[in-house]
Amino acid sequence: MNRKQLLISLLASVSLCGCQVQGESAVSSVTPEPEETEETAAVETPVPEETPEVYHASLFVTGDGLLHESVYTDAMNDDGTFDFGKQLDDVLERVSGYDLAYYNQETILGGTELGLSGYPVFNSPQEFGEYMTDKGFNLVSTANNHCLDKGWAGVSASREFWNSREGVLMQGTNTSQEEYDEIAVKEVNGISVAFLSYCEHTNGIEPDYDFEVNYYPGHVEEMLEKVRRADEECDVVIVAMHWGTEYSHEVNDEQFSLAQQLADAGADVIVGNHVHVIQPFQWVDGVPVFYAMGNLVSSQIGTDRLIGMIGGMDITKTVEDGESVITIDNVRADLVYTDYVGDESVLRTDIHVFDFSDLTDDILPGHEEIYEEYTKIIKALDENIEIGGV
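Everything in the sequence shown is counted per the numbering used here, starting at 1 for the first residue and increasing by one.
Heads up, some of the hints might be wrong.
Straight-line distance between alpha carbons at most 27 Å, and here's what the computed BS3-like set of lysine-lysine pairs gives [claimed, not checked]:
hint : residue 1 : residue 2
1    : Lys135    : Lys186
2    : Lys186    : Lys317
3    : Lys86     : Lys135
4    : Lys317    : Lys135
For each label pair, taking beta carbons as the anchor points, the in silico distance ranges come out as [said to hold, decoys possible]:
hint : residue 1 : residue 2 : range
5    : Asp253    : Tyr55     : 18 to 26 Å
6    : His56     : Val121    : 41 to 49 Å
7    : Thr316    : Glu225    : 26 to 34 Å
8    : Glu320    : Asp361    : 21 to 29 Å
9    : Glu221    : Glu113    : 17 to 25 Å
10   : Thr349    : Thr316    : 30 to 38 Å
11   : Thr349    : His219    : 37 to 45 Å
Derived by calculation from the structure, the hints in this document are not laboratory data.
Each residue gets a CB set at the ideal place from its N, CA and C atoms; glycine is no exception.
Using the sequences and the accompanying hints, generate a full structural model.
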């Protein structure tokens with residue numbers, strides 16, 4: 001075969017291959033699609049599920065900052081400054097680990113300019129509030145029976161002080177109708193928290209203005225409506241109540257009734273005080289209720305009044321398909337004890353608040369048995385609370 005014949009042969013071969021490829025392509029292009037059957041129709045491309053958004057916050061709660069003359073005198077340094085850390089640091093160092101922390105300021109923080117005073121008409125140094133907020137307290141209740149002890153001057157000085165503490169919500173006393181009407185809200189880790197505070201009475205002292213104190217007697221429906229409004233606007237509603245029978249471990253009928261009404265209105269956490277001793281814990285339709293937490297610090301006489309409660313809980317917000325669900329769990333409580341030197345005839349000194357785990361019988365004889373006795377009080381209405389781990 002000469003070169004020309006070879007070239008023609010190769011071209012013919014290439015042409016034949018090209019026809020085959022074109023032929024296969026043509027056949028492929030007209031191949032019919034498989035008919036849809038019931039089985040193939042049922043198979044759909046899975047849609048990825050939306051991952052829920054989850055937010056967390058922790059809450060610490062405790063009782064009264066009750067500053068008798070002994071308390072602030074014992075804390076006073078020679079130069080007139082105050083050191084409340086020597087009294088409370090051992091118990092309150094833990095507070096910085098929480099996102100939210102609540103206590104009741106039982107005595108008005110009118111400051112030294114109004115003249116410091118103890119029982120029965122209190123006025124306390126504002127340095128105590130500085131210490132507490134520096135420790136991490138950012139929810140402070142001032143609605144209590146001593147909040148008008150210094151009248152309008154005390155309420156005004158107190159409000160001005162608390163307004164100066166950045167990131168702190170103080171509720172209970174007001175210097176305007178706007179403050180009375182507002183819902184105080186704090187944003188924590190993607191969770192909006194509303195805080196409200198109410199009291200039963202002010203020891204017979206009348207306010208100068210209707211908006212001055214958040215009373216609940218005669219204003220229950222108004223209080224519940226504010227809780228409902230807060231529930232609509234915020235993720236979590238915390239309500240502080242100053243209620244109960246003084247010096248009684250028993251929860252009275254009014255407390256039970258109000259706790260149920262508050263829970264029905266939308267409260268998520270209810271923390272109470274006033275009685276200066278501890279009262280039981282109870283879940284009310286999924287709402288944790290601390291009926292009374294006793295004194296955090298005081299110089300009252302009698303073991304009963306020197307034992308206070310601290311508590312903690314975890315708050316979780318889960319958002320899925322545009323809906324938010326709030327869960328409160330890991331609710332726990334423990335006990336603290338205030339020790340001092342002296343009796344009711346003199347100012348007490350060396351005031352120091354201890355965790356029960358740090359006590360000895362030299363400090364509080366029979367402290368282990370007392371701890372067991374008082375933890376039974378906490379669980380008297382409801383076993384579903386952990387003791388310890390706050």
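Each hint tested on the structure:
no. : hint                         : result
1   : Lys135 to Lys186             : 18 Å, holds
2   : Lys186 to Lys317             : 15 Å, holds
3   : Lys86 to Lys135              : 13 Å, holds
4   : Lys317 to Lys135             : 26 Å, holds
5   : Asp253 to Tyr55: 18 to 26 Å  : 37 Å, violated
6   : His56 to Val121: 41 to 49 Å  : 43 Å, holds
7   : Thr316 to Glu225: 26 to 34 Å : 27 Å, holds
8   : Glu320 to Asp361: 21 to 29 Å : 53 Å, violated
9   : Glu221 to Glu113: 17 to 25 Å : 39 Å, violated
10  : Thr349 to Thr316: 30 to 38 Å : 45 Å, violated
11  : Thr349 to His219: 37 to 45 Å : 42 Å, holds
Hints 5, 8, 9, 10 from the earlier list are contradicted by this structure; the remaining hints agree with it.
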